[in-house]
Amino acid sequence: MFRLPIDSESFPLGKGPMVMLVLFLISTLFIFGRTEEEGENLEFWIFANTHYEEYQARVPIFEAQNPGINVQLINFGNTMHDKLLAAMLSNFGAPDLVEVEITSIGRFLKGAIDEVGFVDLRPRLESEGWMEKLVVSRFTPWSYRGRIYGIPHDLHPVILLYRDDLFKAAGIEMTEIETWDDFIAAGKQATRDLDGDGKIDQYAIVLDRRTESDYFSLLLQQGGGFFDEAGNVIIDSELAIETLEFFTALFNEHKIATPVYGTWHGDPSNFAAMQDGKILSILAPDWYVGILKSQVPQMSGKWKAISMPAWHPGGRRTTTRGGTMIGITKQCENPDLAWEVLKFTYFDRPGLVNRYETTRIIPPLKSAWDAPIFKEPDVYLGGQRLGELFIKLAPDMPARYQNPYWSEGADLLNDAIFAAVTEKQTPREALTDLAEKVRALIAKDRGRWGDL
Amino acid sequence: MEGGYTEKPLKTPIPHNEPQGIIKNRLWNQQQKIAPYLFIAPFYLLFVIFMGYPLISSLVMSLYEMRGFQSRIFVGIGNFTDLFRDPIFWKSLRNTAYFAVGTLTLQLPIALLLAILLNSKFVKGKNFLRLAFFAPVLVAGVFVAIIFNLVYDQRAGLVNQEFVLFGKEIGWLNEEKYVMPAVILTGVWQWAGFNMIYFLAGLQGIRQELYEAAAVDGANWWQAFIHVTLPSLRPVIAFVFVVSMIGSLQLFDLPFILTNGGEPADAGSTIVMYLYKNGFQFMRLGYAATIGWVLFFIIAVISIVQLKLLGIFRDE
Chain A
0 MFRLPIDSES
10 FPLGKGPMVM
20 LVLFLISTLF
30 IFGRTEEEGE
40 NLEFWIFANT
50 HYEEYQARVP
60 IFEAQNPGIN
70 VQLINFGNTM
80 HDKLLAAMLS
90 NFGAPDLVEV
100 EITSIGRFLK
110 GAIDEVGFVD
120 LRPRLESEGW
130 MEKLVVSRFT
140 PWSYRGRIYG
150 IPHDLHPVIL
160 LYRDDLFKAA
170 GIEMTEIETW
180 DDFIAAGKQA
190 TRDLDGDGKI
200 DQYAIVLDRR
210 TESDYFSLLL
220 QQGGGFFDEA
230 GNVIIDSELA
240 IETLEFFTAL
250 FNEHKIATPV
260 YGTWHGDPSN
270 FAAMQDGKIL
280 SILAPDWYVG
290 ILKSQVPQMS
300 GKWKAISMPA
310 WHPGGRRTTT
320 RGGTMIGITK
330 QCENPDLAWE
340 VLKFTYFDRP
350 GLVNRYETTR
360 IIPPLKSAWD
370 APIFKEPDVY
380 LGGQRLGELF
390 IKLAPDMPAR
400 YQNPYWSEGA
410 DLLNDAIFAA
420 VTEKQTPREA
430 LTDLAEKVRA
440 LIAKDRGRWG
450 DL
Chain B
0 MEGGYTEKPL
10 KTPIPHNEPQ
20 GIIKNRLWNQ
30 QQKIAPYLFI
40 APFYLLFVIF
50 MGYPLISSLV
60 MSLYEMRGFQ
70 SRIFVGIGNF
80 TDLFRDPIFW
90 KSLRNTAYFA
100 VGTLTLQLPI
110 ALLLAILLNS
120 KFVKGKNFLR
130 LAFFAPVLVA
140 GVFVAIIFNL
150 VYDQRAGLVN
160 QEFVLFGKEI
170 GWLNEEKYVM
180 PAVILTGVWQ
190 WAGFNMIYFL
200 AGLQGIRQEL
210 YEAAAVDGAN
220 WWQAFIHVTL
230 PSLRPVIAFV
240 FVVSMIGSLQ
250 LFDLPFILTN
260 GGEPADAGST
270 IVMYLYKNGF
280 QFMRLGYAAT
290 IGWVLFFIIA
300 VISIVQLKLL
310 GIFRDE
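Protein chains in written order, with numbering that gives the first Met the number 0: chain A, 0 to 451; chain B, 0 to 315.
Keep in mind the hints are simulated off the structure, nothing from the lab.
Any given hint could be a false lead.
Below 25 Å or equal to it, Euclidean Cα-Cα: the simulated DSS-like pairs (lysine-lysine) are [to be verified]:
hint: 1; chain 1: B; residue 1: K176; chain 2: A; residue 2: K423
hint: 2; chain 1: A; residue 1: K277; chain 2: A; residue 2: K292
hint: 3; chain 1: B; residue 1: K167; chain 2: A; residue 2: K277
hint: 4; chain 1: A; residue 1: K391; chain 2: A; residue 2: K292
hint: 5; chain 1: A; residue 1: K443; chain 2: B; residue 2: K90
hint: 6; chain 1: B; residue 1: K90; chain 2: A; residue 2: K436
hint: 7; chain 1: A; residue 1: K254; chain 2: B; residue 2: K167
hint: 8; chain 1: A; residue 1: K391; chain 2: A; residue 2: K374
hint: 9; chain 1: B; residue 1: K167; chain 2: A; residue 2: K198
hint: 10; chain 1: A; residue 1: K443; chain 2: A; residue 2: K109
hint: 11; chain 1: A; residue 1: K254; chain 2: A; residue 2: K167
hint: 12; chain 1: A; residue 1: K254; chain 2: B; residue 2: K176
hint: 13; chain 1: B; residue 1: K90; chain 2: A; residue 2: K423
hint: 14; chain 1: B; residue 1: K32; chain 2: A; residue 2: K14
hint: 15; chain 1: A; residue 1: K82; chain 2: A; residue 2: K187
hint: 16; chain 1: A; residue 1: K167; chain 2: A; residue 2: K198
hint: 17; chain 1: A; residue 1: K301; chain 2: A; residue 2: K277
hint: 18; chain 1: A; residue 1: K423; chain 2: B; residue 2: K167
hint: 19; chain 1: A; residue 1: K198; chain 2: B; residue 2: K176
hint: 20; chain 1: A; residue 1: K109; chain 2: A; residue 2: K82
hint: 21; chain 1: B; residue 1: K23; chain 2: A; residue 2: K14
hint: 22; chain 1: B; residue 1: K90; chain 2: B; residue 2: K23
hint: 23; chain 1: A; residue 1: K365; chain 2: A; residue 2: K391
hint: 24; chain 1: A; residue 1: K374; chain 2: A; residue 2: K301
Predicted, not measured: the structure shown is a model, and the values here were computed from it.
Use the sequences and the hints to build the structure in full.
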C-alpha cells in the first residue's frame, strides 16, 4: 500500500494541511517551471475575432520564414483596450504589438507627448517610403502632434446599400442618384404606407440617432470633423450645424428615415426590419457588408450598392467609418523585430487578399488593389463588382483628425444628436452646447497643468 | 498556560525526560501560539493587498487628476466640486435611484410572493420550481443582457410580439422612457428567485405555533400574514432590502450591454457605468475615484438609514 514518506499524523495540523501544501508546491513548480520558448518572443494583442483568425493563419508563415521568432497572438476581445490602458498606466505588461480601435485611441494620447505609450512610426514609414504606398489621409486617425502612432489596418469606405427590387417597385432607378437632394426626392417616393393603415411600411433609409456613427460619417464626407488638425473643437462650425440640420430633416421634415432598430446597425432587430422590407437603404462601410453577409445570408441577391450621394454635384461620393491601427508599444524590447511582424501582417499582399475575401475590408495599401479578387462579382450583391466600387472610392477617403478628448466628445455628441433628432434642442443649440462643454473641459485641464 | 489548546490531550505523548523532547515540546507550544495567527493571516494579507491598499490609494487618487500615463496633478477637492456640478453624474444617479426603487418595489414583493407560494402545502413540484426560479441568478449578467436584448427586440422580440397585437411596437432600448423599465424588468427576472430563497428560509423558520395561536384567536389568512409572517420575517426582509439596495446602486453590466453603453441620451447610464467611462474610456482616473467614493458614502448612508428604519439596531 502507498504510504506517505512523512507520517501525516506528525505533520503539524494533520493530513489535510499537508496535502494542501504538497498540491501548492506541485502547482508552483508547474507554473514557474515552464520554460520560455527558445528564441525571440513577441506578444501581439488583438481585440477583433476576424483579425485574430486572419493572423492565426498568417503568422505561422512569418515564423517559418524567420526561424527562432515566436509571435504569441492574444485575443482579449472587447476588454483588450482596458487591459492595455492598465498595462500602460503601470508601465508593465504591455504587449510588443497591439491593435487599437479608432474610437479608443484618443484616451491613449493623453498627457505630455513623451508619455504616450506608442512608438512614433513616422521615421520608419518615411525612410522606407511607406507613406506614399498607403492612402495618406488614413494616417490622420492615428496621428497626433506630428507623430504617427499606428499603421491603418483599413480604409473603411462607405457606400449606399439599397434594395434594388423595392426602389424599382417605387419607380426609382437608384443608379441615377448623384446628390443627397436626388436621394431625398427618391426617398419621398419610396417611403410608403403600403396597406393604407396610416403607418409607414417602408422607409427609404435607416439611420442611427443614438450614436454619432451616421451623422459623423456625413460630416466627414463634407470635410468636417469634431477637431481640426491643430486640436481645436470645430463641432459647432456652420458645416457641422448644417449637417445636423440635414440629418434631423431626414427624420422630421422629409420623414424618409427610420431610427435604427435595436441598439445599432448590426442589431438582430435591424436585420429583422431589413428582411421585412421596412428598410430600403443603409450607409454601409466595407466591414458592414461582411457582417450582412454573415448575419443575413438569406438576403443574398436583394442588395445593390452605389457610391454615397454627394453634397454637391461632383462632390465626394464616400466617407469613412470605423477603423483599426497596429502600433508598437514603448515597452517592446525589440521594436525592429516588431516592425517586421507589423509589415508582414499589414503589408503582405496575400494576407490582404485573404482579408477582403473573409471580411470585405479594403486595405490601405494601394499596390494591393489590382489583385483579381477586387474585380470579382459579388454574389451577395447580385453579381455586382463590389470590390471595384470600393477601390474607386478608396483614394478619396476624408481625413479624421484624432484627439485625446475624442471619447468625452463622442459621448456628448451622441446626446446632442439624439436631442436634435427628438427636437429637444435645435441642431445649432445642441452642437453649440456640446462644443462649449468640450472646450470647457479642455480649458479646465489646461488651467490645471498648462499646455501640453 | 494561556489559551485552551493545551487542555486537550495530545495524541502523541511527548517524552519529557530527554533534552530532544524538551525542545520538541517548546516548539510545539510555540507553534500552538502562532498557528491561529497563521490561519487568519491569509485573509488579512489579502485584505491589505487587495482592499486596504486600493481603498487608500483610490482616496488619494480622488484628490489628483492624471495628466497623462506617468504623471498626475494635485487638485484637492476639485474633483468633488466638479462632480456635483456634472449633469451626467446627476442623471446617472437618478437612473440608479430609479432602478433601486423599481427593484425594491417590484422585485422584493414578487420574491416574497413566490416564497409564500412555494412554502404553501398546496403547490406541487416545489423542488423543481425552486430550482427554476433560482436558476436565472446562475446566468452571468453579460449573458442575461444578451438574452434580453433579443427579448426586447423591437421587431421580433418576445415582449413586442405580445404588444404588437395591440398595434404598438415599443422601442424598449431605443426610447428614453422605456430603457430603465426594461432594465428593471430584466433585474426582476434575474434576481427575484435569488431573494425568494432568503424569504423561503425565513418562512420555514417561523414557528407553526404562532399560526395556530393566531387561528385560535380567529385571525384569517391575511391577518396572520400581517401580524405573524411579516413581523417574523423582519430580519430577513431587512437583510434582503439592504443587500438589494446595495446591489442596485452598484448596477453596471446589465444596462451597459443592454443599452450599448447607456444610450440613448444616457437614459441607461448608472453611477458605476459613469465611473467606468471616466476611468477607462476618458482616462480620468481621479474623477472616477471620486465617483467611487461618493457612491460609497451614498451606499453607507442609505444602508444605515434602512437598517435603522427596519429596526435592526433595536434591542429586543
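Hint-by-hint comparison with the structure:
1. B/K176 with A/K423: 14 Å, holds
2. A/K277 with A/K292: Since the Cα atoms of A/K277 and A/K292 sit roughly 19 Å apart, the hinted pair holds (cutoff 25 Å).
3. B/K167 with A/K277: 16 Å, holds
4. A/K391 with A/K292: Distance of about 22 Å is within 25 Å: holds.
5. A/K443 with B/K90: OK: A/K443 and B/K90 at ~22 Å, within 25 Å.
6. B/K90 with A/K436: Since the Cα atoms of B/K90 and A/K436 sit roughly 16 Å apart, the hinted pair holds (cutoff 25 Å).
7. A/K254 with B/K167: 19 Å, holds
8. A/K391 with A/K374: With Cα atoms ~11 Å apart, A/K391 and A/K374 stay inside 25 Å; holds.
9. B/K167 with A/K198: 11 Å, holds
10. A/K443 with A/K109: 14 Å, holds
11. A/K254 with A/K167: 20 Å, holds
12. A/K254 with B/K176: 22 Å, holds
13. B/K90 with A/K423: The given pair, whose Cα atoms are some 16 Å apart, holds under the 25 Å limit.
14. B/K32 with A/K14: Distance of about 20 Å is within 25 Å: holds.
15. A/K82 with A/K187: Since the Cα atoms of A/K82 and A/K187 sit roughly 48 Å apart, the hinted pair is violated (cutoff 25 Å).
16. A/K167 with A/K198: 21 Å, holds
17. A/K301 with A/K277: Status holds; Cα separation ~13 Å.
18. A/K423 with B/K167: Status holds; Cα separation ~23 Å.
19. A/K198 with B/K176: Measuring from Cα to Cα gives roughly 22 Å; hence the hint holds.
20. A/K109 with A/K82: Holds, at roughly 17 Å.
21. B/K23 with A/K14: At roughly 20 Å apart (the allowed maximum being 25 Å), A/K14 and B/K23 satisfy the hint.
22. B/K90 with B/K23: 67 Å, violated
23. A/K365 with A/K391: 11 Å, holds
24. A/K374 with A/K301: Roughly 20 Å between the alpha carbons, so the hint for A/K374 and A/K301 holds.
Consistency with the previously given hints fails for numbers 15 and 22, ordered from lowest to highest.
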